[in-house]
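Enquirer: Please dock the two separately framed chains into a single complex, following the hints provided.
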Amino acid sequence: MSDAVTLSLAARPDHVLLADCIAADRFAGLDAKEIAELPVMHGGRPATLGEFFTIRGGHSSVVRIEGDVPQMAAIGAGMAGGELTIDGSVGRDLGLAMSGGRIDVRGPAGDNAGGARPGAARGMTGGEIIVRGNVGDEAGARMRRGIIAVTGDGGRGTGIGMIAGTVVVFGKAGPGAGRFLKRGSIVALGPIDRPGTFRYACTYRPPHVGLLLRYLRGRAGVEVAERYVAGRYERYSGDLAELGKGEILRWVGE
Amino acid sequence: MKINGVAIADTFAEAFTMRVARIVITGRTAKWAREAAVKLTGFATSVIGCKCEAGIERELTPAETPDGRPGISVLFLTMDKESLPQQLIVRLGQTVLTCPTTACFDGLPDAPDRLAVGKALRVFGDGFQASKVIGGKRYWRLPVMEGEFLVEETFGMLKGVGGGNFLILADDADDALAAAEAAVDAMTSLSGVILPFPGGVVRSGSKVGSKRYKNMVATTNDPFDPTLRAITQSQLPDGVNSVLEIVLDGTDAPSIEAAMRAGIPAACRPGVNTITAANFGGKLGPHHFHLRKILG
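If you read the sequences in order, they're chains P and L. All residue numbers for the first sequence refer to the working numbering, where the first residue is 1 and numbers rise by one. All residue numbers for the second sequence refer to the working numbering, where the first residue is 1 and numbers rise by one.
Next up, chain L with everything else stripped away, as it sits in the complex (with noise of 0.2 Å):
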């Protein structure tokens, strides 16, 4: 199978189920809730040394936040839910709650599996803090310097997924960018996924566990660096020079699978040399993304 001449390789994205929610943060102007949304989504590329994952998923006009006022929705994802809501506490505490004008509300409010986060948070209001039921649903405020924080009590928590993905195989360094940003682009803003990494891209895959060094739980994925092709077994096809990797999280498989539908073939461009994705043998992850399934 080709698209614009790039092989797509008969392979799958193997990946796994994670605790999912999303977080609809509100700002006086849409800078504020972004300022918020950057610094909450912060260090947050990989559980394997992030303890959890997050992007942002896009943005929000007045008309979709529930203050009617400009917002940024973004998702939060851990491998077990005990660890969501304590990531979320720590985190949603220390930048949405700091940050100039933020409001803070729970994007799945049918989700029956509800996380505390507000709630735990209310205690830094020292007392001071009240709250108010709007709809069946309670918010808290507390008061900050500035004048109030308004989060909602709960947090509502699905089952996602985590770990989908392609790889981009390239003549050189600069196609696999300029098609790893053309794939970006295609993906940015899709519901219910998020790209993790810095920019949407990831240029150090991993593979599982170490050849040399016990503790570590992930090392360079060897097979598909360029530098050592001539030292490893390698998977790269002759000409490939460089690769860069595309990470989605997302609520849901289809949301997975609508966006590598988007963001494959704008990477198909001239300068690469094939598509395919990471894998473990089917054998830890529930969800495979068949790349020729995806596509046909």
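In isolation and in its complexed conformation, chain P is listed as follows (with noise of 0.2 Å):
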């Protein structure tokens, strides 16, 4: 047993590689050498963890992933629990339907981070995914439950179809933003494109979004200004083309 699982690139993949099966939660039950046997999809052929990194510790639920990832796809995927930190950039699918623990990215994701697997009704249902960087479309689609925070831009779509859970955008929020969202909150800091299903409800301070984003300070050092955490937010309550029950928060000013 280790401190901590660490992952460094080894290989760099010349295609897209699925590597659905790094999950911190799984990995707390295997050994280095079991780590690197898990199967990975490598431009559609299979493959192992081990051709790409070398892998040190094992049985730990922390685990660390050096290197810049972009290719690689659905890390986190399931994810139940436990520390996933990728020291650079990642893939698509980060997170999908993940349902509790934490993924830290420190730089941009790809497209449908925290969002549904093919064909399902949900997203991730569960746990914090926190993108120090951009993130590309749709992130939170379909989200039952959890935080996502993005502390660049979001893509198109983001939060798109949620169900519950909170998305909180430091940067711009991309077209689309919220559509089809039932329930849960789209925390823009940034300016966003806000469809014109949602409507203006008040402008106040929500006590949730000073608690929310003191935790991310706190327990996730996302650097976080006190003028969002004390600050005043457009409510606009929607998608009325659905439940109506979900909100953008949009900050306007101390």
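Worth flagging that the hints you see were computed from the coordinates, not collected in a lab. Wrong hints could be hidden among the right ones.
Unchecked claim - Computed beta-carbon distance windows for the label pairs: (1) L:V217 with P:V252: 51 to 59 Å; (2) P:H59 with L:R114: 26 to 34 Å; (3) L:S191 with P:A47: 52 to 60 Å; (4) P:A47 with L:R28: 51 to 59 Å; (5) P:A11 with L:R114: 47 to 55 Å; (6) P:A225 with L:K159: 37 to 45 Å; (7) L:R114 with P:S2: 29 to 37 Å; (8) L:A218 with P:A225: 50 to 58 Å.
To be verified - Among the chain L residues that face chain P by a calculated CB cut under 8 Å, a handful are: (9) D67; (10) A130; (11) K132; (12) V133; (13) Y139; (14) G147; (15) E148; (16) L150.
Bear in mind that the values here come from a model prediction, so they are computed numbers and not experimental data. Every residue, glycine too, gets a C-beta built ideally from N, C-alpha and C.
Expert: Rendered as structure tokens:
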């Protein structure tokens, strides 16, 4: 048993590397050899994780991936606990349908972070994803519970079809954010292209936003300016084409 | 044993096991957190008549509260675990929920026994309420006319201690009051302890039952009433003309001992004759706070 499992990029993949075997809680029961033998799909062909990574440590639910891995998809898929840190960029489907634990990306992430598997009704159902950079399209799509925090910009359709949970975008949220949202919150600290099916409710200081931002600052080490923690937000209810119990909270000042 | 010439009686305070919750109330300013806390802890001096005992434990700085706003920590005690959530739901709903700008958090997050207080309060939202899970804790957002009231879903419950006490026997009422005030000042803001009575002081200490009225649970403590010295079996030394009591409730016995260790010497002032304590012969309460042992 070690303090952490570290995966160091040894051979850069030539194609998309589908690595849905990487999940912090799953590694808690495996040693380095067993982790290296986990199956991945490289350009549609079967391979093993050990062909691309040098693995140190084992039997730990604290996992660190060293290096930029923008071609790696589905890291943290179905993860139910533990901590997974990626020291660089990562590809699409990060934390796909995860239910617990925390994924911390020290760089940009691809499309569908925290989203649903193809055809599935629900995306992530718990846990936290922190992306310290921009995120691709449809982050948090159909998420049911949990937190996604993006310190950069969000792509198109951020939080599309959300059932519940919270997505915080520090930068610009792309077009279609929150479309078809049933419940849940999109907290926009920067500009947001708000769908027309959201209706303005009021401008106030939502107490849970301050609590959430303080949590991200304290527990996850995300830099959050005090003006956001104690600030005023416009509340837009929506999506009124759906259940309408969700919200977009747009920061408007201190 | 004497402190500053004041006799410390060779006796003990007898206290009971109660159930305790710690409520953290925050507000936009310290004033509004305190307003809510004062209302919440009003009419909560004794379980005899109020069904609960509560008091302000201490003020909290913004750095100490979950939402980074000024706060107040309140301890809330009842005799059994069934009545604690009942009292909290009623009182939080009528005092903290109603108070502008406040939010309400659990102050005993590590307590395994959880009371679904916020979960019960959520229905005030009439279906418009929403919840958020942050850091593994669920919070309820209740829409109110001002904006939103945020309350944690569950609150921790521990076995606490109620009824720690000491009595200040003084030459006159002014001396008794001055000593009691000094004791309260010394004990205020100590962690894990509240003084549930007005200003922390009780003038109407009671004995169990009644000599005359069958239905009375508690009546005047006539052995310590100076006006009855001539017609009862008084326990007052000569020269004592006024007695005040300090009652302490807390999260555990060491917290109460620490408070008594701070409060009793502060009460040993000119004009005070004796410090003693109330007990029932050791047969009713499992917690015995021996004055001389605590101060020794």
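Enquirer: Are the hints correct? Go through all of them and say.
Expert: Now the hints, each set against the structure:
1. With their beta carbons about 57 Å apart, V217 (chain L) and V252 (chain P) fall inside the hinted range of 51 to 59 Å.
2. Checking the proposed 26 to 34 Å range against H59 (chain P) and R114 (chain L) shows it holds: the Cβ atoms sit about 32 Å from each other.
3. Separation of S191 (chain L) from A47 (chain P) is about 58 Å and conforms to the stated range, judged on CB atoms against 52 to 60 Å.
4. Hint check: A47 (chain P) to R28 (chain L), Cβ distance near 57 Å, so the stated range 51 to 59 Å holds.
5. Against the hinted window of 47 to 55 Å, the Cβ-Cβ separation of A11 (chain P) and R114 (chain L) comes to about 50 Å, which satisfies the hint.
6. Checked against the hint of 37 to 45 Å, the C-beta distance between A225 (chain P) and K159 (chain L) comes to roughly 43 Å, which is consistent with it.
7. Take R114 (chain L) and S2 (chain P): their Cβ atoms lie about 34 Å apart, and the range 29 to 37 Å holds.
8. Taken as a hint, the range 50 to 58 Å holds for the pair A218 (chain L) and A225 (chain P), whose Cβ atoms sit roughly 56 Å apart.
9. For D67 (chain L), the interface hint holds, the least distance from its beta-carbon to any beta-carbon of chain P being 5 Å, beneath 8 Å.
10. A hinted interface residue such as A130 (chain L) counts as satisfied when its beta carbon comes closer than 8 Å to some beta carbon of chain P; here the least separation is about 7 Å, so the hint holds.
11. Satisfaction of the interface hint for K132 (chain L) is found here, the shortest Cβ-Cβ separation to chain P being roughly 5 Å, below the 8 Å cut-off.
12. Because the smallest distance between the Cβ of V133 (chain L) and any Cβ of chain P comes to about 6 Å, under 8 Å, the interface hint for this residue holds.
13. Because the closest C-beta pair between Y139 (chain L) and chain P is about 6 Å apart, less than 8 Å, the hint holds.
14. Using the Cβ-Cβ criterion of 8 Å, the hint placing G147 (chain L) at the interface with chain P is satisfied: the shortest such distance is roughly 4 Å.
15. A distance limit of 8 Å between C-beta atoms decides the matter here; for E148 (chain L) the minimum to chain P is near 6 Å, and the interface restraint holds.
16. Checking L150 (chain L) against chain P by beta carbon gives a least distance of about 4 Å; that is within 8 Å, so the hint holds.
In terms of the numbered hints stated before, the structure departs from none.
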